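**Student:** Under the working numbering, think of the first position of the sequence shown as -1, with each following residue one higher.
These are computed hints drawn from the structure, not numbers from a lab.
Among the hints, a few may not be true.
Straight line, CA to CA, 25 Å or less: simulated SDA-like cross-link-like pairs of lysine to any residue [as the list claims (entries may be wrong)]: (1) K49 x L84; (2) K114 x M174; (3) K172 x P113; (4) K114 x L160; (5) K114 x V148; (6) K172 x L82; (7) K49 x V120; (8) K114 x L78; (9) K114 x W66; (10) K49 x G147; (11) K172 x P144; (12) K49 x E20; (13) K172 x P44; (14) K172 x Y64; (15) K49 x P113; (16) K49 x P144; (17) K172 x P50; (18) K114 x P153; (19) K172 x L84; (20) K49 x L173; (21) K49 x P177; (22) K49 x A158; (23) K49 x L82.
What follows is a set of in silico ranges between Cβ atoms, one per label pair, in the way DEER data are often shown [unchecked claim]: (24) G11 x L112: 24 to 32 Å; (25) V154 x G11: 52 to 60 Å; (26) A16 x F86: 43 to 51 Å; (27) L82 x P46: 16 to 24 Å; (28) P42 x L160: 18 to 26 Å; (29) A19 x L173: 17 to 25 Å; (30) L78 x L112: 25 to 33 Å; (31) S43 x V12: 46 to 54 Å.
Note that the structure is a prediction, hence the values are computed from the model and not measured.
Backbone N, C-alpha and C fix where the C-beta goes; we use that ideal spot for every residue, glycine too.
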Amino acid sequence: MTRSVTEHGSGAGVTQLAVTAEDRRVAWLATAAVGLSLVDAAIPSPLPGVKPGLANIVTLVVLARYGWGTAVWVSALRVLAGSLLLGFFLAPGFFLSLTGTTLSLLTLGLARHLPKRWFGPVSLSILAAFAHIGGQLLLARAWLIPHDGVFLLTPVFAGAALVFGTINGLIAAKLMTEPALSEAPRA
(Lines of atoms letter the chains of each structure in order from A and count residues from 1; the text may use other names and numbers.)
(Lines give C-alpha, C1' and ligand atoms only; values in the text may rest on other atoms or scores of the structure.)
Protein backbone atom coordinates (compact mmCIF):
# COMPACT_ATOMS: atom_id res chain seq x y z
CA MET A 1 0.00 0.00 0.00
CA THR A 2 2.32 2.79 1.17
CA ARG A 3 6.04 2.94 0.97
CA SER A 4 8.21 4.92 3.28
CA VAL A 5 11.09 7.10 2.25
CA THR A 6 13.65 8.10 4.85
CA GLU A 7 15.65 11.27 4.32
CA HIS A 8 18.79 11.88 6.30
CA GLY A 9 19.89 15.39 6.81
CA SER A 10 21.50 17.23 9.70
CA GLY A 11 21.56 14.06 11.83
CA ALA A 12 17.79 13.51 12.14
CA GLY A 13 15.88 11.04 9.98
CA VAL A 14 12.52 12.08 8.62
CA THR A 15 10.18 9.41 7.37
CA GLN A 16 7.74 10.37 4.69
CA LEU A 17 4.98 8.09 3.53
CA ALA A 18 4.26 8.06 -0.16
CA VAL A 19 0.51 7.86 -0.67
CA THR A 20 -0.56 5.77 -3.63
CA ALA A 21 -3.76 5.86 -5.67
CA GLU A 22 -4.69 2.55 -4.00
CA ASP A 23 -4.31 4.19 -0.57
CA ARG A 24 -6.64 6.98 -1.61
CA ARG A 25 -9.17 4.51 -3.00
CA VAL A 26 -9.16 2.46 0.23
CA ALA A 27 -9.54 5.65 2.27
CA TRP A 28 -12.55 6.82 0.22
CA LEU A 29 -14.20 3.42 0.31
CA ALA A 30 -13.59 3.06 4.05
CA THR A 31 -15.06 6.54 4.55
CA ALA A 32 -18.18 5.48 2.67
CA ALA A 33 -18.42 2.31 4.78
CA VAL A 34 -17.95 4.26 8.03
CA GLY A 35 -20.62 6.75 6.96
CA LEU A 36 -23.05 3.91 6.30
CA SER A 37 -22.16 2.39 9.68
CA LEU A 38 -23.08 5.68 11.33
CA VAL A 39 -26.40 5.69 9.47
CA ASP A 40 -26.91 2.09 10.60
CA ALA A 41 -26.30 3.07 14.22
CA ALA A 42 -28.89 5.85 13.98
CA ILE A 43 -31.66 3.49 12.83
CA PRO A 44 -33.80 2.39 15.79
CA SER A 45 -33.94 -1.37 16.30
CA PRO A 46 -36.61 -3.45 18.03
CA LEU A 47 -33.92 -5.92 19.15
CA PRO A 48 -30.28 -5.13 19.96
CA GLY A 49 -28.02 -6.39 17.22
CA VAL A 50 -30.63 -6.33 14.46
CA LYS A 51 -29.31 -3.73 12.03
CA PRO A 52 -29.40 -3.49 8.23
CA GLY A 53 -25.61 -3.70 7.87
CA LEU A 54 -25.50 -1.02 5.18
CA ALA A 55 -21.68 -0.91 5.18
CA ASN A 56 -21.73 -4.45 3.82
CA ILE A 57 -22.91 -2.98 0.52
CA VAL A 58 -19.54 -1.24 0.22
CA THR A 59 -17.74 -4.46 1.14
CA LEU A 60 -19.53 -6.39 -1.61
CA VAL A 61 -18.77 -3.77 -4.24
CA VAL A 62 -15.13 -3.56 -3.14
CA LEU A 63 -14.82 -7.36 -3.23
CA ALA A 64 -16.17 -7.48 -6.78
CA ARG A 65 -14.15 -4.56 -8.14
CA TYR A 66 -10.87 -4.59 -6.21
CA GLY A 67 -10.55 -8.02 -4.62
CA TRP A 68 -10.60 -9.65 -1.23
CA GLY A 69 -7.50 -7.92 0.15
CA THR A 70 -8.94 -4.46 -0.43
CA ALA A 71 -12.28 -5.59 1.04
CA VAL A 72 -10.43 -6.67 4.19
CA TRP A 73 -8.69 -3.29 4.47
CA VAL A 74 -11.92 -1.35 3.97
CA SER A 75 -13.81 -3.52 6.47
CA ALA A 76 -11.06 -3.37 9.10
CA LEU A 77 -10.86 0.41 8.83
CA ARG A 78 -14.66 0.62 9.04
CA VAL A 79 -14.81 -1.45 12.24
CA LEU A 80 -11.98 0.52 13.83
CA ALA A 81 -13.09 4.02 12.81
CA GLY A 82 -16.78 3.27 13.35
CA SER A 83 -16.17 2.01 16.88
CA LEU A 84 -14.07 5.08 17.68
CA LEU A 85 -16.70 7.47 16.31
CA LEU A 86 -19.56 5.66 18.04
CA GLY A 87 -17.66 5.41 21.32
CA PHE A 88 -17.48 1.64 21.74
CA PHE A 89 -13.85 0.91 20.85
CA LEU A 90 -12.70 -2.13 22.89
CA ALA A 91 -16.21 -2.47 24.37
CA PRO A 92 -18.24 -5.66 23.77
CA GLY A 93 -19.90 -4.09 20.72
CA PHE A 94 -16.48 -3.61 19.11
CA PHE A 95 -15.57 -7.26 19.56
CA LEU A 96 -19.00 -8.40 18.34
CA SER A 97 -18.58 -6.25 15.23
CA LEU A 98 -15.00 -7.42 14.69
CA THR A 99 -15.97 -11.08 15.06
CA GLY A 100 -18.95 -10.76 12.72
CA THR A 101 -16.89 -8.88 10.16
CA THR A 102 -14.04 -11.39 10.34
CA LEU A 103 -16.31 -14.40 9.80
CA SER A 104 -18.18 -12.54 7.06
CA LEU A 105 -14.92 -11.75 5.25
CA LEU A 106 -13.67 -15.33 5.62
CA THR A 107 -16.96 -16.58 4.19
CA LEU A 108 -16.75 -14.13 1.27
CA GLY A 109 -13.13 -15.16 0.72
CA LEU A 110 -14.19 -18.79 0.35
CA ALA A 111 -17.43 -18.06 -1.52
CA ARG A 112 -15.77 -15.97 -4.22
CA HIS A 113 -14.41 -19.23 -5.62
CA LEU A 114 -17.93 -20.59 -6.14
CA PRO A 115 -19.48 -20.53 -9.63
CA LYS A 116 -20.41 -16.92 -10.42
CA ARG A 117 -23.49 -17.92 -12.36
CA TRP A 118 -25.06 -19.27 -9.13
CA PHE A 119 -23.39 -17.03 -6.56
CA GLY A 120 -23.75 -13.34 -7.34
CA PRO A 121 -23.95 -10.28 -5.10
CA VAL A 122 -27.27 -11.28 -3.51
CA SER A 123 -26.28 -14.81 -2.54
CA LEU A 124 -22.85 -13.62 -1.37
CA SER A 125 -24.53 -10.93 0.70
CA ILE A 126 -26.84 -13.47 2.32
CA LEU A 127 -23.93 -15.82 3.08
CA ALA A 128 -21.96 -12.93 4.59
CA ALA A 129 -24.96 -11.82 6.67
CA PHE A 130 -25.44 -15.34 8.07
CA ALA A 131 -21.72 -15.62 8.84
CA HIS A 132 -21.76 -12.19 10.52
CA ILE A 133 -24.67 -12.96 12.81
CA GLY A 134 -23.41 -16.49 13.44
CA GLY A 135 -20.07 -15.14 14.60
CA GLN A 136 -21.76 -12.62 16.85
CA LEU A 137 -24.02 -15.23 18.43
CA LEU A 138 -21.09 -17.56 19.05
CA LEU A 139 -19.05 -14.79 20.67
CA ALA A 140 -22.02 -13.67 22.75
CA ARG A 141 -22.50 -17.26 23.96
CA ALA A 142 -18.81 -17.79 24.70
CA TRP A 143 -18.17 -14.44 26.38
CA LEU A 144 -21.18 -12.32 27.27
CA ILE A 145 -24.10 -14.68 27.89
CA PRO A 146 -22.69 -18.07 28.95
CA HIS A 147 -25.98 -19.88 28.48
CA ASP A 148 -27.35 -21.81 25.51
CA GLY A 149 -30.55 -19.75 25.74
CA VAL A 150 -28.85 -17.13 23.57
CA PHE A 151 -29.31 -19.50 20.64
CA LEU A 152 -33.09 -19.15 20.99
CA LEU A 153 -32.61 -15.83 19.20
CA THR A 154 -31.15 -17.58 16.16
CA PRO A 155 -34.41 -17.65 14.13
CA VAL A 156 -34.95 -13.90 14.65
CA PHE A 157 -31.38 -13.03 13.74
CA ALA A 158 -31.36 -15.48 10.81
CA GLY A 159 -34.57 -13.93 9.47
CA ALA A 160 -33.06 -10.45 9.76
CA ALA A 161 -29.87 -11.68 8.06
CA LEU A 162 -31.90 -13.11 5.19
CA VAL A 163 -33.97 -9.95 4.70
CA PHE A 164 -31.13 -7.44 5.07
CA GLY A 165 -28.66 -9.66 3.21
CA THR A 166 -31.06 -9.80 0.28
CA ILE A 167 -31.71 -6.05 0.27
CA ASN A 168 -28.01 -5.18 0.61
CA GLY A 169 -27.12 -7.67 -2.14
CA LEU A 170 -29.68 -6.13 -4.49
CA ILE A 171 -28.32 -2.64 -3.81
CA ALA A 172 -24.73 -3.86 -4.32
CA ALA A 173 -25.73 -5.58 -7.58
CA LYS A 174 -27.27 -2.32 -8.82
CA LEU A 175 -24.15 -0.35 -7.84
CA MET A 176 -21.94 -2.85 -9.65
CA THR A 177 -23.70 -2.04 -12.91
CA GLU A 178 -22.51 1.57 -12.55
CA PRO A 179 -18.94 2.44 -13.53
CA ALA A 180 -16.45 2.87 -10.69
CA LEU A 181 -15.48 6.46 -9.89
CA SER A 182 -12.08 5.90 -11.44
CA GLU A 183 -13.75 4.55 -14.58
CA ALA A 184 -16.38 7.30 -14.92
CA PRO A 185 -15.91 9.77 -17.76
CA ARG A 186 -14.73 13.17 -16.58
CA ALA A 187 -16.69 16.26 -17.49
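**Student:** Could you run down the list of hints and mark each one as holding or not?
**Tutor:** Taking the hints in turn, this is what the structure says about them:
no.	hint	result
1	K49 x L84	holds (15 Å)
2	K114 x M174	holds (14 Å)
3	K172 x P113	holds (20 Å)
4	K114 x L160	holds (20 Å)
5	K114 x V148	violated (35 Å)
6	K172 x L82	violated (31 Å)
7	K49 x V120	holds (17 Å)
8	K114 x L78	violated (31 Å)
9	K114 x W66	holds (15 Å)
10	K49 x G147	holds (21 Å)
11	K172 x P144	violated (41 Å)
12	K49 x E20	violated (30 Å)
13	K172 x P44	violated (28 Å)
14	K172 x Y64	holds (17 Å)
15	K49 x P113	violated (29 Å)
16	K49 x P144	holds (23 Å)
17	K172 x P50	holds (17 Å)
18	K114 x P153	violated (28 Å)
19	K172 x L84	violated (29 Å)
20	K49 x L173	holds (21 Å)
21	K49 x P177	violated (28 Å)
22	K49 x A158	holds (8 Å)
23	K49 x L82	holds (18 Å)
24	G11 x L112: 24 to 32 Å	violated (49 Å)
25	V154 x G11: 52 to 60 Å	holds (56 Å)
26	A16 x F86: 43 to 51 Å	violated (34 Å)
27	L82 x P46: 16 to 24 Å	holds (20 Å)
28	P42 x L160: 18 to 26 Å	holds (21 Å)
29	A19 x L173: 17 to 25 Å	holds (21 Å)
30	L78 x L112: 25 to 33 Å	holds (29 Å)
31	S43 x V12: 46 to 54 Å	holds (48 Å)
Comparing the model with each earlier hint shows violations of hints 5, 6, 8, 11, 12, 13, 15, 18, 19, 21, 24, 26; every other hint is respected.
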